[in-house]
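Participant: As a plain string of letters, each chain reads:
Protein chains: 2
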Amino acid sequence: SPFCYWEMRNLLLAAVATLLLCSCSAAQREATSCGYNACPKPVPGRYNVHLVPHTHDDVGWLRTVDQYYYYEVQFIIDTVIEELLDNPERKFTYVKQLVKNGQLQFALGGWCMDDEATTHYVDIIDQHTQGLRFLNDTFGDCGRPRVAWQVDPFGHSKEHTAMLAQMGFDGLYYGRIDYQDQALRRKTRRMEMVWQASQDIGSPRADLFSGKLYDGYCQPGGFGFEYGDEPVQDDPQLYDYNVEQKVKQFVDMVNSRRQVYSSDHLMLTMGCDFQYQNARKNFKIYDKLIKAVNARTAAHNITVYYSTPSCYTKSVHDQNLMWTVKSDDFFPYAHQAHAFWTGYFTSRAALKRYVRTASNQFQAIKQTSCLAGLQRAGPQLEAKLDLLRQAMGVVQHHDGVSGTEKQVVAYDYALRVSTGINQAYSLLQSAWANLTGDSAAYSGMSSCSLANISYCPFTDSNNNFYLHFYNPVSHPVWHLARIPVKGRYYVVSNQQGQAVTSQTIPVNNGTLRVPERAGAKSSYELVFNVSTIPAMGFVVYRVAAAAPGSPGVSTFTPIQSVFMDSKPADGELDWRDGGSESLNERESLDYRPVFAPLKRDDVIEFSQLKEAKKSNPIGDSKMSYMAYYYGYPGNNSAPEFTASGAYLFRVTGPVVNETHVVWSNWTYQVLRKFANNGDSLQYSENELTVGPIPYDANTGREVIVRYNTQLNSSATFYTDANGRQVLRRVRDYRPTWPLQQTENVSGNYYPINSQIFLNQSDGSSFMVLTDRSEGGGSINDGQIEIMLHRITVRDDALGVGEALQEKGSDGRGLVVKVTHWLAADQSLPSSSRRRRELANRRYREPLIGYLTAEPKVKSWSGLRRPLPENVQVVTLDDWRGPNTKLLRLEHLYQIGEHPALSQPVTVALGQLFATFNILSATELTLAANQNLNSAQRLQWRTPAGGGTTVGDAAREAEERLQLEQDITVTLRPMQIRTFVVQVQYL
Amino acid sequence: SPFCYWEMRNLLLAAVATLLLCSCSAAQREATSCGYNACPKPVPGRYNVHLVPHTHDDVGWLRTVDQYYYYEVQFIIDTVIEELLDNPERKFTYVKQLVKNGQLQFALGGWCMDDEATTHYVDIIDQHTQGLRFLNDTFGDCGRPRVAWQVDPFGHSKEHTAMLAQMGFDGLYYGRIDYQDQALRRKTRRMEMVWQASQDIGSPRADLFSGKLYDGYCQPGGFGFEYGDEPVQDDPQLYDYNVEQKVKQFVDMVNSRRQVYSSDHLMLTMGCDFQYQNARKNFKIYDKLIKAVNARTAAHNITVYYSTPSCYTKSVHDQNLMWTVKSDDFFPYAHQAHAFWTGYFTSRAALKRYVRTASNQFQAIKQTSCLAGLQRAGPQLEAKLDLLRQAMGVVQHHDGVSGTEKQVVAYDYALRVSTGINQAYSLLQSAWANLTGDSAAYSGMSSCSLANISYCPFTDSNNNFYLHFYNPVSHPVWHLARIPVKGRYYVVSNQQGQAVTSQTIPVNNGTLRVPERAGAKSSYELVFNVSTIPAMGFVVYRVAAAAPGSPGVSTFTPIQSVFMDSKPADGELDWRDGGSESLNERESLDYRPVFAPLKRDDVIEFSQLKEAKKSNPIGDSKMSYMAYYYGYPGNNSAPEFTASGAYLFRVTGPVVNETHVVWSNWTYQVLRKFANNGDSLQYSENELTVGPIPYDANTGREVIVRYNTQLNSSATFYTDANGRQVLRRVRDYRPTWPLQQTENVSGNYYPINSQIFLNQSDGSSFMVLTDRSEGGGSINDGQIEIMLHRITVRDDALGVGEALQEKGSDGRGLVVKVTHWLAADQSLPSSSRRRRELANRRYREPLIGYLTAEPKVKSWSGLRRPLPENVQVVTLDDWRGPNTKLLRLEHLYQIGEHPALSQPVTVALGQLFATFNILSATELTLAANQNLNSAQRLQWRTPAGGGTTVGDAAREAEERLQLEQDITVTLRPMQIRTFVVQVQYL
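For the record, the sequence lines run as chains L and G. Using UniProt numbering, the first residue of the first sequence is number 1, and each one after it goes up by one. Using UniProt numbering, the first residue of the second sequence is number 1, and each one after it goes up by one.
To be clear, the hints were calculated from the coordinates, so they are not data collected in a lab. Honestly, I wouldn't trust all of these hints.
The list cannot tell twin chains apart, which means a pair is met if one copy fits it or any two copies do.
In silico DMTMM-like cross-links for lysine to aspartate or glutamate, where the CA-CA straight-line distance does not exceed 20 Å [said to hold, decoys possible]:
no., residue 1, residue 2
1, Lys384, Asp235
2, Lys406, Asp240
3, Lys406, Asp229
4, Lys284, Glu230
5, Lys291, Glu244
6, Lys406, Asp273
7, Lys291, Asp438
8, Lys406, Glu230
9, Lys406, Glu687
Can you make the complete structure from the sequences, with help from the hints?
Facilitator: In structure tokens, the structure reads:
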């Protein structure tokens with residue numbers, strides 16, 4: 001076999017292959033070369049039907065990725081290859097030959113078909129880079145997918161699409177859009193369009209020809225032969241001879257579909273989930289169908305042939321039609337009334353968080369490996385990243401981080417990521433040892449992966465230790481450290497050996513409920529400011545146990561009960577009570593947690609994810625717990641207020657003041673107000689611990705937090721797309737069609753990757769920055785609502801076959817801890833800067849190494865100077881040898897967000913990094929599989945004109961020159977530029 | 001493709017192929033020649049596990065035979081061939097090569113895997129002959145199946161097995177035996193045995209090595225990879241790596257199974273219904289499993305390889321072990337307590353009758369075609385039999401005539417048979433035209449296929465016509481003709497032109513309910529005796545409409561109401577009232593129909609066919625209608641008697657007296673007593689018309705007739721097997737294990753193909769001869785009970801997925817008309833003679849041709865002299881050219897049934913037939929695919945010794961000589977001898 005397991009698997013499975021069998025041999029194809037030249041020739045004067053054999057092979061859903069391979073996908077590979085080789089001459093050649101002659105093509109070519117709602121942009125870029133690199137390495141340019149294939153994700157993202165455009169795709173196809181949207185598009189023949197996916201990047205660079213498949217990606221009803229649909233029975237002797245009937249059925253179906261498209265071509269996707277395990281069955285019957293239809297072409301003027309999405313795209317393009325444009329996105333997705341697919345924005349909140357932190361670690365390990373030049377010692381070091389690279393690629397799947405997979409599959413994803421991180425961790429040790437010449441200190445470096453449950457085995461067994469804070473951000477950052485410890489009294493010293501203010505706080509109730517803490521001695525958390533950590537660099541702090549009263553020792557701050565009779569006094573829970581400092585523009589912010597016992601009228605109804613097939617889709621998904629927070633600048637008037645059931649505690653100290661609220665035995669909240677540490681980008685933190693959610697047979701619980709402000713937000717709010725572009729959302733409104741709203745809540749939910757905020761016309765704003773992907777919206781003016789955690793009572797009958805009822809290791813419901821960063825601003829530039837930079841920091845949070853030996857180097861930066869505040873290194877990765885790197889830089893702002901920071905910015909690359917010089921740079925497309933200069937995309941006519949403008953061309957030529965001559969790059973708002981660079985280590 | 005549709009289909013589908021993939025190439029096989037030489041070499045000192053890939057492809061069940069081919073089987077053929085060719089050298093050769101080198105083998109090789117309970121012996125022989133001939137013609141001796149493969153039928157017949165033995169098979173495997181029987185056999189390691197299947201034929205000729213598969217024919221649980229069972233995952237990098245676990249699972253399974261068998265070999269049947277549509281999936285995983293198990297052989301002493309049933313059989317045989325013997329049968333089959341599969345003995349009673357009549361016509365057409373020498377005009381005439389031949393082959397399937405298929409499939413079978421008969425009918429016209437030189441008369445000959453509903457379009461439109469009665473029996477027969485006519489008055493003249501007594505009777509109520517009679521003018525039936533019709537010959541009668549009172553005109557006998565107040569007087573329904581003649585030994589027979597309204601205690605509970613999976617298997621299958629008939633020689637005392645609900649009518653006439661009983665609007669009965677016509681083998685006829693059976697959601701109705709006698713039958717009764725051997729049945733008893741009876745009724749039901757009877761120690765007996773296969777028994781001493789028709793209210797959850805609720809063309813429940821011939825005797829020889837000859841006549845009833853023109857020849861016989869009374873021609877068929885015929889003769893009696901007729905009988909073949917002389921004869925095995933002299937079978941050791949006895953050998957040598965020198969054959973009791981004969985037409 002020419003391919004090993006992983007290669008074969010990735011060939012078809014991860015690449016989500018689309019297959020072309022040209023039954024008429026080379027004669028029907030235009031030439032023997034691949035790409036569009038390998039396409040069948042359109043038949044002039046006929047309506048051309050493109051039969052597109054394809055197989056849709058989730059990399060995890062009801063089964064794990066490995067199980068799918070072994071249960072199903074290997075047989076698809078085998079029988080499909082056999083079939084393709086079978087035709088026309090039945091000779092045995094190799095898979096590469098099939099790719100070379102265009103019989104076997106790939107669509108999209110990412111490591112998976114990723115989700116679009118819950119994926120972070122860095123992960124999106126990574127997984128496409130990884131998949132397309134595999135195809136490039138294996139098959140060369142003939143293996144390069146020409147079109148993107150997002151046929152299963154449950155809604156489509158503008159940012160994701162903009163990135164696909166910048167990856168060089170010529171077209172994009174999707175299977176699911178809102179049913180009302182689709183009805184209108186069918187009626188107006190706007191099923192295909194040019195999506196102008198970034199007004200910052202502009203046309204045509206961020207434009208992508210985008211087509212909605214007629215009704216999903218499976219074959220038309222009645223033609224699912226592998227599923228047992230009635231086959232073509234073409235022997236006239238048969239009692240069931242049905243050729244005329246099948247042809248009529250086919251022609252009727254085609255004629256019905258052609259009404260909603262505008263070209264002379266129709267794409268029929270002839271496949272579905274895990275089809276072609278018996279490729280013979282499909283091809284044999286399709287062969288007969290094609291032959292029968294074409295034999296009667298004079299009667300219906302239809303011609304049909306095997307084709308691929310790229311061939312279809314090319315055929316449509318070549319008709320040079322005028323296309324309408326779209327500039328919003330396709331969220332939220334509802335497939336029928338009341339059936340909004342918005343629960344998955346939050347589903348498996350713990351996995352979503354794990355993926356986010358793993359992504360940060362993955363990027364940081366790649367950065368530090370490159371900075372240290374580990375690959376100079378051989379590729380085996382780099383190979384230690386493979387498992388993590390693959391795991392991160394797989395988990396981006398639309399049944400992965402999306403949370404829509406079975407429980408056993410979710411476990412498998414998490415195991416893969418965990419195994420990957422464990423294997424890659426030694427790279428981090430080696431990198432720091434190498435960079436500081438201090439292997440004594442770093443060979444024993446460990447992490448505390450359970451710090452999120454306030455448990456660190458390292459600090460359990462060490463009284464004195466060093467903390468190595470690595471900051472992956474391209475700018476210096478302040479960090480509020482929170483270290484699980486076993487004692488109350490420590491002296492914390494900074495990189496200069498100076499004691500810093502610290503505070504110990506008992507581990508709180510919410511955390512104590514987690515079974516993994518069994519045996520933990522960590523009873524406290526040591527909190528202090530780390531200010532500042534250098535850009536892409538580290539500082540080392542020392543922590544030493546000390547006697548109470550020692551100089552510089554931490555303040556122990558117990559959790560103190562707050563007496564309540566019937567209700568707290570007005571202002572009792574004002575978040576400012578914990579602190580003593582004046583807090584700039586946020587000083588008048590006033591939070592009041594209020595417990596609202598469940599009343600009939602308060603119950604908010606959610607449509608469960610994929611709920612539609614039930615007669616009453618909202619019947620059993622009442623939300624039975626709600627936490628309300630009231631807050632608005634300058635207004636202390638009390639809203640309606642009920643305290644029963646809520647228990648209040650308080651922590652007061654020099655670093656942080658905390659208010660703890662025990663809402664119930666499964667809902668615990670900590671509101672944190674930090675003392676001013678000098679950072680200009682301060683925020684409050686709201687930690688919400690939810691779970692185990694009580695389960696009873698008839699009650700689904702979808703727990704939200706609702707932030708009520710008195711901002712006049714005019715039904716409008718803003719959410720990010722994949723952590724980058726921000727989209728304006730208007731309640732009960734869609735930009736492109738007259739919405740008939742059927743769900744007040746779930747119909748107004750949108751994916752939140754990193755940020756959601758409200759603006760008022762006077763420039764006031766309120767933002768929530770999330771630590772993972774969540775779903776939320778603004779159900780009432782002035783309000784932000786975010787779903788935190790959810791269980792459902794039954795399956796939604798859309799395939800997964802399980803209710804969402806995550807369990808912890810103790811068999812009880814899973815406990816999820818979410819932290820939101822909250823901030824209010826009085827002006828939009830201030831708000832934008834805080835939001836962009838804090839979102840960047842949230843994702844790229846410092847990695848903390850725990851050391852027993854004192855490291856020689858206490859502070860270091862991988863950058864010779866910090867990057868401009870609006871620029872961030874997205875990728876620094878090894879690439880084909882020790883002196884070649886893949887480098888991506890991004891502009892963090894959109895146009896108009898900030899007077900200065902939204903401007904183009906120029907960065908010289910040559911002496912940017914501390915450990916190597918960049919000798920030359922070549923710009924690539926976003927997923928790094930083509931040189932940008934030579935990459936060509938199909939251009940599409942739109943009413944506003946298409947094609948590169950003169951200004952664009954001049955600018956691009958100038959920037960090419962800048963890069964070639966000065967190794968200097970200019971980044972424009974929202975731009976991500978990708979380079980392969982030749983380096984020389986210093 | 002080297003094979004056309006029918007050939008390919010038959011190759012795998014009809015032959016129920018078993019496939020061998022020798023993964024180790026020729027090296028592991030003993031030689032390159034086929035047969036046992038192609039088998040893998042057993043590994044000495046190891047426990048040898050034979051993996052037997054096979055596919056079980058019903059020729060109709062949930063889908064029709066064609067649908068199955070197009071939906072499923074063609075892909076099995078394709079992918080299996082591909083797989084077999086794939087290994088070891090992946091070269092493309094042809095299927096014949098696979099057969100030749102033993103990779104592709106066939107088991108059984110009949111046209112189908114026939115049912116054993118409801119099939120008639122003539123059909124059994126035909127369908128095996130047909131399938132084995134196809135294999136022989138296509139593949140030569142390498143394609144000859146060595147073992148029989150009856151893995152799905154629901155019980156096993158002694159006669160069927162005796163015939164398989166005489167066909168030359170070396171072994172027989174079955175999948176279903178009574179659960180108690182199986183438990184004991186497992187415990188005592190008697191799962192394999194030598195079945196001595198005919199004490200008349202004797203050992204070893206009728207002996208067959210017979211093995212019960214461990215628990216059915218599907219792969220062991222957990223190894224159904226095509227069904228999605230966990231595959232072997234053998235990459236150690238996998239999270240789900242499971243090779244050790246799968247090996248352990250396999251070894252544990254093997255070790256558990258080996259406990260119940262006694263040899264060093266174990267057969268694992270690795271396949272199931274319609275498997276190997278994706279042969280790659282199975283073989284790829286099995287390859288891995290085999291490799292993994294054998295790699296660890298030292299640990300468990302097990303070796304495993306691909307094998308076939310014949311290779312397994314040979315390996316077991318070669319160990320020369322001693323085997324226990326069995327001489328009873330395997331009916332009835334229960335797979336667990338209360339779950340007797342006896343309903344299917346009766347299911348689809350109309351189909352069962354249609355198959356029986358079609359079989360008779362099929363035989364008659366073959367006979368007459370041969371007698372007329374039609375094939376001398378070219379094979380195209382013979383080809384007109386093909387559809388009927390194939391239809392008859394298919395319908396013998398164990399989901400065919402058994403009645404266990406879906407409704408749509410039953411329709412398809414009936415359509416095939418009907419189409420076959422229609423196509424073949426012209427052969428009959430040609431044959432008679434040819435034989436009599438009278439094409440003027442016979443070109444317009446028609447049949448009245450609706451005579452069973454008293455409707456004949458021919459007599460509707462003809463007042464005067466000729467009736468051509470052809471008698472397929474090898475002896476002259478009397479026939480009681482019953483012709484649908486539109487008038488009351490006819491003169492019927494015999495072949496000599498003499499008027500014969502005739503009678504017209506109004507069409508009765510039961511028949512009138514059938515929708516197909518719409519438009520029929522046939523309002524009467526004309527009844528008269530035809531005595532006698534020559535052996536294998538015909539007579540012509542004339543029927544002419546006449547005025548009332550004309551000489552010799554028929555007597556019109558209206559149906560007269562019988563007044564009843566509360567109940568008929570004692571003896572009112574005495575069947576003798578209709579007649580005036582003294583009736584020999586039956587004269588004191590006294591029938592009294594009694595209507596028993598349903599009372600709680602009368603309800604008899606039936607376990608439905610395949611009922612077992614329900615918690616209460618008998619819950620909804622109450623029998624809600626019962627008809628009782630009391631009768632016993634010499635005893636007129638009235639039993640309990642209730643008349644309410646019954647309406648009586650009477651017909652009295654010179655040919656027949658009838659008593660009509662209307663039990664309800666869906667149950668109609670006619671009891672007929674015929675005037676003495678001179679036949680020594682008289683009987684009474686009981687016609688029962690049942691249907692449409694009322695349907696309500698919770699009541700299954702299984703309608704029986706119960707004949708109560710006062711015979712002291714000592715719990716004992718007798719039923720035939722496939723119309724030949726009679727088996728002694730004892731209520732609540734099985735000969736080979738201590739029965740724990742769980743069902744008083746269904747647990748005592750047995751298949752009745754043609755006859756059921758009771759004997760008393762003084763020689764008194766009572767018999768019922770059926771017109772089709774039915775189920776029945778003797779639930780109480782002196783009683784015979786037969787199920788007539790049935791509906792069920794729901795599916796039995798064993799696969800068919802439909803309740804049995806047959807519909808007529810009007811959408812109402814199907815109406816079934818059953819006739820039983822009843823007779824009592826005072827001595828066993830008399831009873832045996834009546835039973836054997838009447839059973840022969842019932843099956844081989846005269847074919848009636850309707851003619852408008854007067855035929856020249858009025859009487860004719862195809863035999864120069866009738867055969868001896870105990871000999872019958874089973875088969876006279878064309879065979880490879882116009883002057884070669886296939887001829888079978890049978891001895892109709894078992895040993896001891898009759899002092900004279902049970903003796904051996906000798907027949908000279910040379911001048912036997914009227915139209916040709918037989919020049920030479922070669923004896924073949926029963927299914928005609930081997931010369932008997934050269935056929936060799938494996939011999940098996942049994943306690944009584946095995947092998948041919950000296951006497952047998954001497955007798956056989958003598959009979960060979962007799963055949964060669966004198967073309968004369970001796971037939972011993974129950975013997976069927978098969979000859980290919982060279983003929984010369986006269």
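Participant: Of the hints given before, which are not true for this structure?
Facilitator: Those not satisfied are hints 7, 9.
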